[in-house]
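Peer 1: Sequence:
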Amino acid sequence: MIALHDVRHGYGGLPVLDLPDLTVPQGGRLLVLGPSGSGKSTLLHVLAGVLRPDAGRVEVAGGDLYAMGEHARDRFRGKHLGLVFQRLHLIGALTVAQNLRLAPALAGLPVEAARVRDVLAALDLADRADAYPHQLSAGQQQRVAIGRAVMNRPRVLLADEPTASLDDRRTEAVLALLLEQAETNGATLVVATHDRRIMDAFEHRLVLEEVLA
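Just so we're aligned, residue 8 is where the sequence shown starts under the numbering used here, counting upward by one.
A portion of the hints provided could be inaccurate.
What the hints assert, rightly or not - Derived SDA-like pairs (lysine to any residue); straight-line CA-CA distance at most 20 Å:
#1 Lys86 - Ala62
#2 Lys86 - Gly99
#3 Lys86 - Gly115
#4 Lys86 - Pro32
#5 Lys86 - Val118
#6 Lys86 - Tyr139
#7 Lys86 - Arg108
#8 Lys86 - Gly63
#9 Lys86 - Asn159
#10 Lys86 - Ala74
#11 Lys86 - Asp61
#12 Lys86 - Arg160
#13 Lys86 - Ala100
#14 Lys86 - Gly76
#15 Lys86 - Leu109
#16 Lys86 - Pro111
#17 Lys86 - Ala68
#18 Lys86 - Ala10
#19 Lys86 - Ala112
#20 Lys86 - Ala180
#21 Lys86 - Ala114
#22 Lys86 - Glu190
#23 Lys86 - Asp137
#24 Lys86 - Pro117
#25 Lys86 - Leu58
#26 Lys86 - Leu116
#27 Lys86 - Pro140
FYI, nobody ran anything at the bench for these hints, they're computed from the structure.
Let the sequences and hints guide you as you build the complete structure.
Peer 2: Listed below in structure tokens is the structure:
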């Protein structure tokens, strides 16, 4: 679940976010839609617990994020949030399986070999477990990034522009994968994008306008 109360944030005196109230139930799907400069990434960073807003309360996965200390928030993020970045940030020196194992290790959770196998199988990557990122196609790399994001069975899955640079066929595949993994893990899914092709898949939508100086 996600609940924002009077959340505001700005840069250099220019308001970027002003959200009086926003609630998404556990397991819901929220699309944050808007052009570049509208505050989409800012909102995603606020929800991820990496950007403290200027004002307001942010409740994610049952936790009041900014009432926590920084260390507690880091632990909470690792255990309960899954992040799919626009840049995938795969570790080139690690194999596919090792990239997945990194998620629980960094969160201080036990690394379950069975969980790694299950996630790889669900993403049709079982035969690429020992491959390195540079040996994968772009689509396979994106699946690894999604797999890493769901390794810890997150309660909230956040994705930044996962389809904007893809053709229609690949967009459908990535969207289906995100929806499937969110449902499998019982996670609330939040996608920030300017890609209107995926609007119909989301029952909750937040449209942000470009911030003009």
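Peer 1: Check the hint pairing Lys86 with Leu58 against an upper bound of 20 Å on the C-alpha distance.
Peer 2: OK: Lys86 and Leu58 at ~18 Å, within 20 Å.
Peer 1: Would you check the hint for Lys86 and Ala68, treating anything up to 20 Å between C-alpha atoms as holding?
Peer 2: Given pair Lys86, Ala68 holds - Cα atoms ~10 Å apart, limit 20 Å.
Peer 1: For the pair supplied as a hint, Lys86 and Pro140, confirm whether the alpha-carbon distance does not exceed 20 Å.
Peer 2: The given pair, whose Cα atoms are some 24 Å apart, is violated under the 20 Å limit.
Peer 1: Hey, Lys86 versus Asp137, does the alpha-carbon distance stay inside 20 Å?
Peer 2: Distance ~25 Å between Lys86 and Asp137 Cα, so the pair is violated.
Peer 1: Within a Cα-Cα threshold of 20 Å, do Lys86 and Asp61 meet the stated pairing?
Peer 2: violated, 25 Å
Peer 1: Does Gly76 lie within 20 Å of Lys86 when you go C-alpha to C-alpha?
Peer 2: This hinted pair holds, its Cα atoms lying about 15 Å apart.
Peer 1: Would the hint linking Lys86 and Val118 be met if the CA-CA limit is 20 Å?
Peer 2: Holds, because 12 Å separates the two Cα atoms, which is no more than 20 Å.
Peer 1: Under the criterion that the straight-line Cα-Cα distance not exceed 20 Å, is the pair Lys86, Gly115 satisfied?
Peer 2: Answer holds: Lys86 to Gly115 is near 8 Å, not above 20 Å.
Peer 1: Hint check: Lys86 vs Leu109, CA-CA at most 20 Å. Holds or violated?
Peer 2: holds, 13 Å
Peer 1: Does the structure keep Lys86 and Glu190 at a Cα separation of 20 Å or less?
Peer 2: holds, 18 Å
Peer 1: Does Pro111 lie within 20 Å of Lys86 when you go C-alpha to C-alpha?
Peer 2: holds, 8 Å
Peer 1: Within 20 Å, alpha carbon to alpha carbon, are Lys86 and Arg160?
Peer 2: Holds: Lys86 and Arg160 sit about 8 Å apart, inside 20 Å.
Of the numbered hints given earlier, the model fails hints 1, 2, 6, 8, 11, 13, 20, 23, 27; all others are met.
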